[in-house]
Every structure is written in structure tokens, then in C-alpha cells.
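Trainee: Residue-level listing of the chains:
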Amino acid sequence: MTVDAHVHIGKSTRLQIDADGELLVRAADELGFDRICCTDLTALFYDMHEGNRLLAREMRRFPDRILGWASLHSTRFGRAALEELERCRHDYGMRGLKIYSTPDMSIAEPAMLPILEKCVELEFPVLGHLTPQECEYLLAGVPECRIIMAHAGSQPFAKGDWNRAIMAAQRFPNLYLDTASSTIDTGFLEACVAALGAERILFGTDTPLLDPWVQCEKIRQTRLAKADLDLIMGGNILRLMGVEQ
Amino acid sequence: MIFDINAFIGRWPYWPMRAASAAEVVAELAGWGIGGAAVCSTRSLFVHWEDGNREAEHAAREFPELVPFACLGTLEVSHRLPVGGYDFDGYAARGFRGVRLYPQHHSYHPLYVDFVDAILEDAAARGWPVVLPLRTIMNWGMPMLEVGVMAALVDRHPRVNWILAGINYLHELDMSLALMRRHATVHLETSCIMGYEAIAKVAARAGSERLLFGSAGPIQHGAAGVAKILHAKVTDAAREAILSGNARRLLRLA
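These protein sequence lines map, in sequence, to chains A and B.
According to this note's numbering, the first sequence holds residues 1 to 245 in order.
According to this note's numbering, the second sequence holds residues 1001 to 1254 in order.
In case anyone wonders, no lab produced these hints; they're calculated from the structure.
As the structure is a prediction and not an experimental result, all values here were calculated from the model.
The C-beta atom is built at its ideal place from N, Cα and C for all residues, glycine as well.
Fair warning: there could be bad hints in the mix.
Derived coverage of chain B by chain A (criterion: at least 3 residues anywhere in the stretch with Cβ under 8 Å from a Cβ of chain A; other residues may be distant) [said to hold, decoys possible]:
#1 1036 to 1047
#2 1131 to 1145
Here are a few chain B residues that face chain A, going by a calculated C-beta distance under 10 Å [claimed, not checked]:
#3 Ala1019
#4 Ala1023
#5 Asn1168
#6 Ser1191
#7 Ile1219
#8 Val1234
Based on the provided sequences and hints, a complete structural model is requested.
Mentor: What follows is the structure, encoded as C-alpha cells:
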């Protein structure tokens, strides 16, 4: 089973995206993906309540295809954020938290720790657009939380330094790495698996920002055992989200 | 046969690579379905450009599927003013078919040094393509050119057969497309274009005749680079042109 752990749904003029469930499921069909894990752009960057509600609607339209990441647009909303996570879990059936971070508005701060504790309580993995250093701070605060470092360091704020991401994951056993990135350096995936094992690497494409065919090929055209590829291409994210395979 | 306009031989200083020698690179590219490539040596970027050119020259002698591009930088070293210029006839005799410039790796500003104008005028006279990479690979740890500098240099030398490389983000593509509209000599290489359906969008806006497949392999994953062309929503004729025909025409290869 192939599951894309990193997909965006909804609207963003900044990213030049307007993608509903139908567009994304059609793309998944072309690619041969069984399920896609989506985060709503409005929830991620503007209004968590509105965006998560929109995502829940798309999940109902495609219940066998779309898995939901609840999203928060900030750490600074206290109890409202915690209640939103409860709603996303129990009312919408979402399976994890997606959250963004930038150097100028980093979520590696004390306000994030209760959110992580809530995620532990709800059994939510956290897909964070984080640098290795941010992951280390957060996992030092809530070590039992399972954090997936989106892009595995291969994003602008982390300077594309996936070697540093691997080092962070070696220190923190609950830190996972997601493969979605504009970076397609050879040897990246082999280095991840050699250092961490295949169980901690998750396939993602960042559709519809990035070309998903590129993201597939950089994983499939590696010299890994089939069992390892099966974990990376879907087994790991389903296990983390608690979805029956 | 797929032809790669932007490949490398040589070592990579930032992390271990499994292909470095010409033989290893040719085998790696072949494994990705790439049968020929324009190359320069990473030694030219990180040690000395002419030492790297000698490596590229020898590699092409041993492996005819490799086409060497001369990576040219400043002639001034160790604070001694340069004597003489670039021996383009010599480069041609040694088998070189084009030029690559890496100002971001060679500590010069391409708009403010005379030698760049001299290189570009000679390249234009010979019809040699000049590869100008905005970035070497799509990784934010690498030094970059500024988009505006790239555009100004192209506008200053419109007779050059430009190959703009390392382009990815929307504003970078917009700059490239604007230059392609202004100058029929401007081509775009694909190694760092990662956006959703980006190849099809560029082909729709600028035509497929001036799009050239590049991998930045073996540093970047060549199979992933090929995949974005194979799955792009373009005609089969356009796909063939991007993967091979356009580069062969530009380099006057059989």
C-alpha cells in the first residue's frame, strides 16, 4: 500500500494553490497511491477552525482515500488550540497534527509544549515543518511525543542540511523524517536508512507544491530492500496514525 | 537516447557520493537511462577551474558519451594580475563544446569583471552554449546567484546561446520565461525545476524547443530528474525534444 504522508489541500495565493479533494484524489490515482494524508492550507496559515472544518468535509467526500492532519496556525491560542485538536480527533476523525514554523515565528517555544502533550494524549503524531534544532528543543520538552520532521532538513530554514536532521534523529528515538523536498540529493535515503532504520522514514510528496513523480522516483530508484521500501512508502505513516493496514 | 546537459564528474565535498570518477558517473547515468551528458568537473568549482577542465577533457576522451564544457573563472590568482586570455581555440581542439560559469563559487561578480564579457563575446562568436546556473543543485546550503544579476548578464549579451540552469521557484521561472520571450537564444535547463506540473507549464508558455533536460547528476538523483520529463503533460514529440533533441541540436551532435 502506498500512502503519501505529506499533501496540502485548500487555497493559498502565496503558494499559488487551489486544490480540492477531487483534484488530489485524481492525482493520487494517476500515481497509484492508495491514500493521501492532507493538511488544509487555511488551517495551517490562517484559521484552524475554518480550515480543519473544510478538510473534514473533503475527508467525508473521500473516506477511503483522504486521511486528515489537523492543523494549527499558531501556538499562541492556548485552550482554543487544545479544544480544536480534541474536535479534530473525535468529531472529524483526523489522525495527527501538522504545524508550520519559520525562523521569525518559531514554534520551538514553551507555548508548544502543552500542544505536544495533548498530541500524546490523543495519540497524534506531529508533522512539523521544523529544523533539526527545533525538533531537539521540542523533544527535550516532551520526549514521548512522536515528531515527524517534514522535509528531513531539506527545506530553506534548515538550509537543506539533511545530514544534520539524521544526527538529530539519532539522538531522539521519537523523531521521524519525511522525504518530501525540492532536494533530490543522491544518497539521502540510503543514509537515512543506514543511520535510523527504515521504520523512521516516511514517504511524502508535498503535492500540489512539488512534482510527485520526482518524489516517487527518488525513493523507488534506491538500493533498498523491498521490505524497507514498503515501510517507507506507507507502512510507517499508517502505523503512526493508528490506521489498520 | 536521453542526453543530460548538466552533469558532473568529480568529488562532492559535502557528503559521500557513490559516483565520482568518469567511469562511475557514466555507469550511474546509464542506470538512470541517461546515455550521454555534458559535463564539467566539480574540481573546477571547488579547487581550480582549469585543473577541473583537464579532468573533464580526459574523461571525454575515455568516454565519448561525455561532452566536456569548459568551466571558466578568473585568471587572476595569488594577487597577480593575469597574463594573456582564454585559449578558446585550444579548448575547441581539446574537445570542449560549451562553457559553464559559476560566479557564486569563484568569488567574482559577473557584471563587474571584464573577463566575463570577453568569455561571452567569444562564446557568442563560436555559437558555444554558456551554462549559467542560479544554483548548482536544489539545496539551500549551496551558494546562489541573484536572479537580477542573471537577467542583467543575459540582457547584456543576447547573442550568446544561454542555458539558464538551477531554476526552481516561481519568480525564478518568471524571470527565465521573460528572458526567453525577449531573446530566442535563451534556453532553460530542468535539473532544479521541482514544482507541480511545472515542466508542462513552462512548455506551454515558452514552447518545448528551448527546454533542455539536465540532472545535476550524480549529485542529484538522475532518475527523479528523468521522471519529471517522462510524466510531464506534454506531447511525445516535445518530450523527445526536451530529453535529447534540443541539446543535440544546440551542441551540433550527430
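Trainee: Could you run down the list of hints and mark each one as holding or not?
Mentor: Hints and how they fare:
no.: 1; hint: 1036 to 1047; in the structure: violated (count 0)
no.: 2; hint: 1131 to 1145; in the structure: holds (count 6)
no.: 3; hint: Ala1019; in the structure: holds, 8 Å
no.: 4; hint: Ala1023; in the structure: violated, 17 Å
no.: 5; hint: Asn1168; in the structure: holds, 6 Å
no.: 6; hint: Ser1191; in the structure: holds, 9 Å
no.: 7; hint: Ile1219; in the structure: holds, 7 Å
no.: 8; hint: Val1234; in the structure: violated, 13 Å
Violated hints, in rising order: 1, 4 and 8; the structure is consistent with all others.
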